[in-house]
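Chemist: The residues making up each chain are set out below.
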Amino acid sequence: MQFSLSSSPHNRVRRDTGQVMRMVCYACIPGVIAQTYFFGWGTIIQIALAMFTAVVTESAILELRKKNVSRGIRDYSAILTALLLGICLPPLAPWWLVVIGTFFSIAIVKQLYGGLGFNMFNPAMIGYVVLLISFPIAMSAWIPVQSMAQSPYDFIDALSTIFTGYSQSGYSLAQLQLGIDGITQATPLDAVRTGLLSGLTYSETLNANIFSSDWGWSYGWSPVALAYLLGGLFLLGNKVINWHMPISTLAGVVFTAGFLNILSPDQTGSITFHLMSGAVLFGAFFIVTDPVSGSTTDKGRVIFGLMIGFLTVIIRTYGGYPDAIAFAVVIMNIAVPLIDYYTQPRTYGHKS
Amino acid sequence: MTLLTALLIIGSLALIFGAILGYSAIKFKVEADPLVEQIDALLPQTQCGQCGYPGCKPYAQAIADGDEINKCPPGGESTIKHLADLMGVEVKPLDGDHGVEDVKKVAYIREDECIGCTKCIQACPVDAIIGASKQMHTVIIDECTGCDLCVAPCPVDCIDMIPVKTTPQNWQWDLAKGVGDIPIKQVES
Amino acid sequence: MIDAAQVISQLQQGQMFDFPGGVHPPQQKSLANSTPIAQVAEPKHLYIPVKQQIGSQGNVCVQVGDYVAKGQPLTHSNHPFSVPVHASTSGTVVAIAPHPSAHASGLPELTIEIATDGLAKWQLMPLLTDYMQLDKMQLLERICQAGISGMGGAGFPTHIKTNTHKPVECLIINGIECEPYISSDDRIMREHAWQIKQGIDILRHIVEPKHVIIAVEDNKPEAFDAMRTACLEDNGYLVVSLPTKYPAGGERQLIQVLTGAEVPDNGLPIDIGCLMYNVGTCFAIAEAVLHGKPLVERVVTLTGKALNKPQNVWALLGTPVQHLLTHAGYDSTQQKQHKVIMGGPMMGFTVHNEQVPVVKMTNCLLVPERNELPEIEDERPCIRCGLCADACPAGLLPQQLLWYSKAKEYDKAQEYNLDACIECGACAYVCPSEIPLVQYYRQAKSDIRNAAIEKDKSEKARERFETRQARLLADKQAREEKHRLAAEARKKSMENKGSDAKDKIAAALARAKAKRAAAAKTDTDTTQSTPDVSSHNSPSTDSDN
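Protein chains in written order, with my numbering: chain U, -7 to 344; chain Z, 14 to 202; chain Y, 273 to 817.
Derived by calculation from the structure, the hints in this document are not laboratory data. C-beta atoms are modelled at their ideal positions from N, C-alpha and C, and glycine is treated no differently. Heads up, some of the hints might be wrong.
Some chain Z residues close to chain Y (C-beta under 8 Å, calculated; not the full set) [claimed, not checked]:
1) Q58
2) T59
3) Q60
4) Q63
5) G68
6) C69
7) A136
8) P138
9) V139
10) D140
11) E156
12) T158
13) T180
14) W184
15) Q185
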């Protein structure tokens, strides 16, 4: 009797790539729910659009590359990229924005570099950066928290706005952006940035503007950030991600923000402000931890995270854009080979 | 005047840097093996002459003098790759005029047919055949490079080129079916 | 170099070290470890491979048709790296021919086939019960003659390892058995702790360590208790229980856990004062020295859910796999594809067919039912998640190694210390992309090894070629020189005898002239003296012409 042959090890963990990606998707759910609760149905629609585009693009390109399409789709990497990009977009951004962004992420950033595993940049973040640079106005058109919006919108409104630019009741996106006080609502980061640029101090900006002492709690940003933190902890707990990258990213933000804040408290945001606003918590757990484009050694991951945290605060404070996670991640992606090279672990029995 | 000063400064700077460069070129000269030696080290040393030269060293000399790097069938693809690296040229496919890459073989003399003519002994480039006139000859397997040169001179065609056998010691883990991208075949027992 | 006293005091305080990485695969030991080691009926035919250990193979010293007794050596060699193999039971040698080997390649190797006679007639070696009085070399000789090589898996000849002149701080006895499913060491410790202790005593007498450490993983409490009881009265022995983690049983990993020290790259454990033996090897040493029995059988775990009666058995070396499977109630319908793994699920290899024999290194036959172990799937692209690096006990970067192994950039792979890979399989075990990493490393390693051999060979070939060229050139020059000298000599002699020769020519000419003149004269005289000439000259002229 001939026996069938295989190579050791014959046993292995039954958690494959698809499962890992799916778990990251599930971990986004609390954040997405929070985001939807505060900013309306737009986010859900953006995510759905992005996922659809991603699957279509990925299938088409895998087909062109003569790869196994269903197997390629079932690794869920395209869907995760789409989800992350969809989360980052303003809820009521026009449909073509998300389509272009997702197409770029999947087709150019991922597949042109050789597909999953070979992209040197984080696809979602490059997609985001490309959109931000190409369509700055559309990309900064965040809408107010629904409870404080002058004209809250429903699901149909959202669909209509995304596809036609006007809600059912005929409001334009600009009108939907108005807060209850009739002023265009900006994100806290935007507001602080504008305030500082116009000569106000940091605390004046905070007092004068939309945020009272509750760190924007009622403005939706901190609860959303905390919901993503919850998802991140779920990933940590299930060992889908290592602690190195998220923790060091947050540490980078804390150290840099703290240091700058001590130097010039009037000109820079506090640690809590930096942690709670924008995409820091979301980014630290969901973006930075992208394995493909990140560092692969433990020491390297710490350096990678610290540098992202550092760059994020630096760009937020001194750069031209209000938020900076995407830029920081993309910049550090370039440095990964270098970091990896210099942070190789010591091999057993070898001198370091 | 300004023009002159500028010319002077630039000129003298050029002179100084040129001198430094020239000096360091002599001072820090990298002593490398002569090119021919380096090329020879990459060749498989079968001395088979399939390249058209009477041995590996002459071919190494020829490559150093500008001959193509793809004339060595025993070395095959990997030798071409290494030569391309060394010479800083593009990798080329093996030149079919000089033969094709084959499995490793060694010569075997069917001893009861050997008439002891010593023709193969004279043909062997590495002295891997022993024997004397009118005496049976035999191949020292460990020294045979599989160059094939002894086969043609044999008047009674008693030399075979036998592929080197795979043993558990030199087996290359080419397991059967389906482990990833690794080709797999069921090994007959 | 480690310090035994310090290591022991640390261990007594419960201080242990850890090795990086490692994995926790499901243990599955309880399948087979609950029943005592069983005896198996003698198979009709035994297939005893001539080479069963690392090193060189011996020369066969029996012939087809010979009757052999149980324990009779079948091979003999003076090579130090060779140990003999023995007839596992009495019977007749029926063939000495290639047979599928107990190796991942399954390639045929020279094997002695014995038709057993069912009598199991022993030929024992003289007992060495008073070994304390014996010379160490005599004991080493016995260990070698008993055919003992490492039984934990590597199969290194035991007498070579034991014959060390370096000081031994710690003698470490490896009862870890970290591979899932396998319980042969577990059972032998439970049932034969005392004899293992005797084996350790012998080793202790030979290598004189400062201390003996016996390490057992904490998933084998019964074995731990048995060993502790056996070693209770001896102060020089310390039995320790280690947390279960794969591959804690790896030689280098175990040393790291116990002592905190690492075996240097390209070094051996003895370089830092450690010497390690498997418990099975200790048992075999006691058998050889105290009972005169060479290594002819070993404990093999028969396990996996496709067996109806998983258990541990005493298997004669050379027993074909089929015989043991039948004994354990192999139900092939439980398997989608027929598959038998020799060794554990992490490092074992699949055997090619049912005639493959049990050898000295065979500790387990694992016969998984369908879905017991995951199906082999095509690999997916590496997503650089780094789980492999987290799992690697040797501190390597498996994905870099994969990259370079796949691209055949072996220089780079070696720069990333491919050689330090112990092929434990932890990386491939955790890989979410199901990449057979170890398989790639093995191929790369064998390529590198073969390339090194080729390189050596080509180096030698070049030398021979150049020597030959030089010789041919020298021959040619010598020949030319000879010709030149000969020509010169000719020329010289011509010159020397120049006048002489002219004289000769002149003389010859003169003679010829004289002859002609004489002839003319004779012609004129013919008329007068013809009868005289004819009577005297004709016969001779006739004969001359």
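Chemist: Taking the hints in turn, state whether each one holds.
Modeler: Hint check:
1. Q58: holds, 4 Å
2. T59: This hint holds: T59 (chain Z) lies near chain Y, its Cβ roughly 7 Å from the closest one there, short of 8 Å.
3. Q60: Nearest chain Y Cβ about 5 Å off; hint holds.
4. Q63: violated, 15 Å
5. G68: Holds, about 6 Å.
6. C69: holds, 7 Å
7. A136: violated, 11 Å
8. P138: Check passed: Cβ of P138 (chain Z) comes within 5 Å of chain Y, closer than 8 Å.
9. V139: Holds, about 4 Å.
10. D140: Since the shortest Cβ distance to chain Y is 5 Å, the answer is holds.
11. E156: Check passed: Cβ of E156 (chain Z) comes within 6 Å of chain Y, closer than 8 Å.
12. T158: holds, 5 Å
13. T180: holds, 6 Å
14. W184: W184 (chain Z) check passes; min Cβ-Cβ to chain Y is 4 Å, inside 8 Å.
15. Q185: holds, 5 Å
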